[in-house]
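S.K.: What follows is the residue order along each chain.
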Amino acid sequence: MNFKRDIATRTYSGFAIAALLILTILNILLQIGPPDIQRAGDQLLAMSADDGVANAVTSVVVYFRGFDTLGEIAVLFIAALGIGLMLSAHNRTTHEESNYILKKASRMLFPMIMLFGVYVMIYGHLSPGGGFQGGVIVASGVLLLLISREEFEVPHSVISALETFAGISYVLIGLIGLLVVDKFLGNFLPNNISQMGMLFSGGVIPLIYIVVGIKVGSEMSMIVQNLIQRSDDD
Amino acid sequence: MIEALFNYFNQEYVIRALVDVGSMTLFFVGFFGLLTQRHLLKIFMSISVMEIAIFLFFIGSIFNKTYTAPILGDGHTAFVTMNDPIPHAMILTAIVIGMAVFALGVSFAIEYYKLTGKTDINDINEMREK
Amino acid sequence: MTGIIILFSFLAVILVAFMSIIQKSLPDAIILFMGVGLGAVVLFFVFQAPDVALTEAVIGSGISTLIFLMALKHLKAEHEL
Amino acid sequence: MSSIYFVALPLLFGFATPLLQKFGKNGVAYASTGMQVGLFLLALYLMATSFWAVEIISINPPLGISFVLNRASLLFVFLFTLLMMLFSFYYLGLRKTDPFPSENKFFILINMVLASSIGLVLSSDLFNIYVFFEIAGISAYILSAYHKTPKALEAGLKYLLTGMLASVFLVFGIMLVYIHLGTLNLAVVSQTFHTLPFNMKMLISLLLFIGFGFKVEIFPLNFWVTDVYEGSSSLINSLFSAIVVKAYLFVFFHIIYLAMPASDFAPFLLMTGAVSMLAAEIIALKQTNLKRVFAYSSLGQVGLIFAVLSLENSAAVAAGFFIVIAHSVAKMMIFLSITSIEREHKSVDIATLKELNSPFLTVMIVLSMLSLLGIPLLAGFVGKFLALKSFAMSGEFVVLGVIIVASLIESIYYFKITGNLFEKGERRRRLSLSKSQKSVFVTLAVLLVVLGTLPWLFSGYIQDASLSMVDTESYVNLLMGGLK
Chain A
300 MNFKRDIATR TYSGFAIAAL LILTILNILL QIGPPDIQRA GDQLLAMSAD DGVANAVTSV
360 VVYFRGFDTL GEIAVLFIAA LGIGLMLSAH NRTTHEESNY ILKKASRMLF PMIMLFGVYV
420 MIYGHLSPGG GFQGGVIVAS GVLLLLISRE EFEVPHSVIS ALETFAGISY VLIGLIGLLV
480 VDKFLGNFLP NNISQMGMLF SGGVIPLIYI VVGIKVGSEM SMIVQNLIQR SDDD
Chain B
57 MIEALFNYFN QEYVIRALVD VGSMTLFFVG FFGLLTQRHL LKIFMSISVM EIAIFLFFIG
117 SIFNKTYTAP ILGDGHTAFV TMNDPIPHAM ILTAIVIGMA VFALGVSFAI EYYKLTGKTD
177 INDINEMREK
Chain C
120 MTGIIILFSF LAVILVAFMS IIQKSLPDAI ILFMGVGLGA VVLFFVFQAP DVALTEAVIG
180 SGISTLIFLM ALKHLKAEHE L
Chain D
32 MSSIYFVALP LLFGFATPLL QKFGKNGVAY ASTGMQVGLF LLALYLMATS FWAVEIISIN
92 PPLGISFVLN RASLLFVFLF TLLMMLFSFY YLGLRKTDPF PSENKFFILI NMVLASSIGL
152 VLSSDLFNIY VFFEIAGISA YILSAYHKTP KALEAGLKYL LTGMLASVFL VFGIMLVYIH
212 LGTLNLAVVS QTFHTLPFNM KMLISLLLFI GFGFKVEIFP LNFWVTDVYE GSSSLINSLF
272 SAIVVKAYLF VFFHIIYLAM PASDFAPFLL MTGAVSMLAA EIIALKQTNL KRVFAYSSLG
332 QVGLIFAVLS LENSAAVAAG FFIVIAHSVA KMMIFLSITS IEREHKSVDI ATLKELNSPF
392 LTVMIVLSML SLLGIPLLAG FVGKFLALKS FAMSGEFVVL GVIIVASLIE SIYYFKITGN
452 LFEKGERRRR LSLSKSQKSV FVTLAVLLVV LGTLPWLFSG YIQDASLSMV DTESYVNLLM
512 GGLK
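Residue numbers (the numbering used here), protein chains in the order written: chain A, 300 to 533; chain B, 57 to 186; chain C, 120 to 200; chain D, 32 to 515.
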């Protein structure tokens, strides 16, 4: 059988199939709008008042649905591993000389990006942001260094140590919760609600988010470095 | 005149319809790309557009215009009249997962190109059935 | 005001996404794809989801675009599709 | 003892690999295998002690995520840990002569496959199921592309693209569930799903069907499967066929039983399964590549399981579970044999079997094919017999006929393979297997024979498992009311 079609037929048939599917779905969606009901999230909002965290999304991400976050970290970890595996065998590509402005600007910008990343990471329970966003911002700082200085390379042993430390401590925090309060990832640290809004509040939540931030930052740095392909994997 | 237009678009059901139609049209664009494009990167791009479309649909459907973001501060001292935080947390997770899978896919594509020099999805047929 | 912003952001996102999908040249498509992410950021912000908006900004339009550009560098793609 | 260890320990192992690397060359391999033995013993212990148990994560259900352990899920957990343990023992034999490149990554990935398959089976929260779906998916993509040959990469790319598409649809379905029911917990979904308008129910079912359909390899959505099986190494195919697909099948039917029991969807699923089986067996006839043949045979068996489980009564579920066990064990055996053959002969064509000089492997392959075919006194027979019986009891004679025809077609190509095995060709030198590999094969063979000859030893447990699979009321009560 020959499936080769000319481009026009392909475009029209693709258009028709996609349109048919979407119109069907859209018809149902417009017919039945979202009902006005009490959802699980509203109950969780009421509960977040008790755990001393100002950003309810953080308390959902890290605590109420913390297990999803652990899974998400695992996905990122596996993806970084896979990318390292795929792109490891190549030789270093020669790097073009980056221009003067980029070099000078990166020297000024890098500390600021890092500071901002760490701020977003640590204040995740008080303001929008948190481990993921902060980690990725830190990784983008690393990226700036990678493209502006040809001799720079992410120190593999340091990243590996950070990553291992963060991953192990996340699971261990979960297991300590299991042993202390009989719930995996349970909140076993004392948390005083009157402290809400302070940096040290919310018990185990900021702790986990910082660990997540370290893990995401190191994984993303590795991914970025592998993609720029100056990798020397083990 | 402009006032009336603004008020019209601020109505609850108009916003709902906007969200539904807008996100589904975006989904359509992605799906169309998936069916018609042939370059591997374009295919990844189309799937990413589909993902963004359903994320927008979800957040938009849950969103209540009169409520605030689920964060204390700016005069809010209690967790009432706030938007539902669970969808936000879910989308946060889904965005990161989507990016991870997508980065992996791109690395597969790069490696495949290095070995065979092909980037066209129609040419990927090392194992054509006899 | 909310409704109008939603309307125009959706229009912009859809337009940019469509242009990026049908674009013949890959670098142009990638830059346009970044625009999709940015439009989505505005929408998430209007929908009162600042956390998601921040994530989409750093991941959806930041890192994803970077990955695409890196892939482009490696693929040395033929620009006519 | 808590069921959370099944997921937490493999994750911990994965994260801690750089540390374990410091303990010498074999540190990671022994730690991984030791952990799997430990998990197997834990599963055994739980089988002996607990009946219904719920494991809370962070906060109480229905708001939080929780793991539900009952006879059905425990049966699957036991099967997965057992097969994964045997797989590791086989690999320990293999790695002395022919290890995988960057072996530590391989160990991390197989443990992630184990953790995510168990998580899929145990989890009671839709979004959590999606997260495990993705972990299993992403580890599987990397495993299929592991060797970085063009074929392997093509397999990985195909798997990844279909997986990405599947997860878009799945997540869309889950979002609609949350928007319209306000919950992600399966127990609450089970109570309230029938209140939805008909159209919305159909839309959600369709989206979930597309999402899971890609992964459970069911008929219209399984066009990619055989390419993936052919491209990836046969060692890894044994994991896909024996563990990953079974986890997806379990969770798919778990959701169906809880959320949409006896729906309008059931006859459709039944027919899909039957058609899937027939189509796969017919295409398999023409194949000459061993991996492809057994990939199609897997598709056929999955179709059969799909059809049986969509009957939604406990006798049929018991039959389905019997087939799942028999098929997992037999496919593990076959793909491990093909791995050994491929290492020796560098080819997986059917004609290669003429050159095979190993009475041991010949016996193993024939035994597992006989079991797959459903010959009496082997495990496959019990399952197929019970399945046919439950089709007859429910009056589905068309499906019954289709399955008998499909089994006849199946037997044709199995005989072809057997013919090649016994044909007098030019034999190569004797294929040597290490002791640990031999003992793995013997264990699997003993399992097949014991399941076939003494089914009553296990039927009590499997009956219990099937009862607790269809007993959605206890499930709901446990999650909703049984807790303070």
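By construction, these hints were calculated from the structure, which means they are not laboratory data. Any given hint could turn out to be false.
Stated by the list, open to error - No farther apart than 35 Å at their CA atoms in a straight line, the calculated lysine-lysine pairs in the DSBU-like style are these:
id : chain 1 : residue 1 : chain 2 : residue 2
1  : D       : 53        : B       : 121
2  : B       : 170       : A       : 402
3  : D       : 53        : B       : 174
4  : B       : 170       : D       : 317
5  : D       : 127       : D       : 420
6  : C       : 192       : D       : 466
7  : B       : 121       : D       : 377
8  : D       : 317       : B       : 121
9  : B       : 174       : D       : 232
10 : A       : 402       : C       : 192
11 : B       : 170       : D       : 232
12 : C       : 192       : A       : 403
13 : D       : 179       : C       : 143
14 : C       : 192       : B       : 170
15 : C       : 192       : D       : 127
16 : D       : 56        : B       : 174
Predicted, not measured: the structure shown is a model, and the values here were computed from it.
S.K.: The structure should be examined with respect to each hint, and the outcome stated for every one.
M.R.: Going down the list of hints, with the structure as the test:
A hinted pair counts as satisfied when its Cα atoms are at most 35 Å apart, and residue 53 of chain D with residue 121 of chain B does not qualify at roughly 56 Å. With a C-alpha separation of about 31 Å, the suggested pair residue 170 of chain B and residue 402 of chain A falls inside the 35 Å cut-off, and the hint holds. Using a Cα cut-off of 35 Å, the hinted pair residue 53 of chain D and residue 174 of chain B is violated, with the two alpha carbons roughly 40 Å apart. Proximity of residue 170 of chain B to residue 317 of chain D is assessed by CA-CA distance (about 33 Å); at most 35 Å being required, the pair is judged to hold.
Restraint check: the Cα-Cα separation between residue 127 of chain D and residue 420 of chain D comes to about 47 Å, which exceeds 35 Å; the hinted pair is violated. A threshold of 35 Å between alpha carbons decides the hint, and for residue 192 of chain C with residue 466 of chain D the separation of about 49 Å lies outside it, so the pair is violated. Under the criterion of a C-alpha separation no larger than 35 Å, the hint pairing residue 121 of chain B with residue 377 of chain D is inconsistent with the structure, at around 65 Å. With a C-alpha separation of about 61 Å, the suggested pairing of residue 317 of chain D with residue 121 of chain B is violated against the 35 Å cut-off.
With a C-alpha separation of about 42 Å, the suggested pair residue 174 of chain B and residue 232 of chain D falls outside the 35 Å cut-off, and the hint is violated. Among the hinted pairs, residue 402 of chain A with residue 192 of chain C is consistent with the structure: their alpha-carbon atoms are about 21 Å apart, no more than 35 Å. Pair hint residue 170 of chain B plus residue 232 of chain D does not hold up; C-alpha atoms about 46 Å apart against a cutoff of 35 Å. Between residue 192 of chain C and residue 403 of chain A, the direct Cα distance comes to roughly 24 Å. Compliance with the 35 Å bound is thereby established for this hinted pair.
Between residue 179 of chain D and residue 143 of chain C the CA atoms are separated by roughly 30 Å; this keeps the pair inside 35 Å, and the hint holds. Taken as a hint, the residue 192 of chain C and residue 170 of chain B pair is honoured in the structure, with Cα atoms around 12 Å apart against an allowance of 35 Å. The straight-line distance between the Cα atoms of residue 192 of chain C and residue 127 of chain D is roughly 40 Å, outside the 35 Å bound, and the hint therefore fails. Distance check on the hinted pair: residue 56 of chain D and residue 174 of chain B sit about 38 Å apart at the alpha-carbon level, beyond 35 Å; violated.
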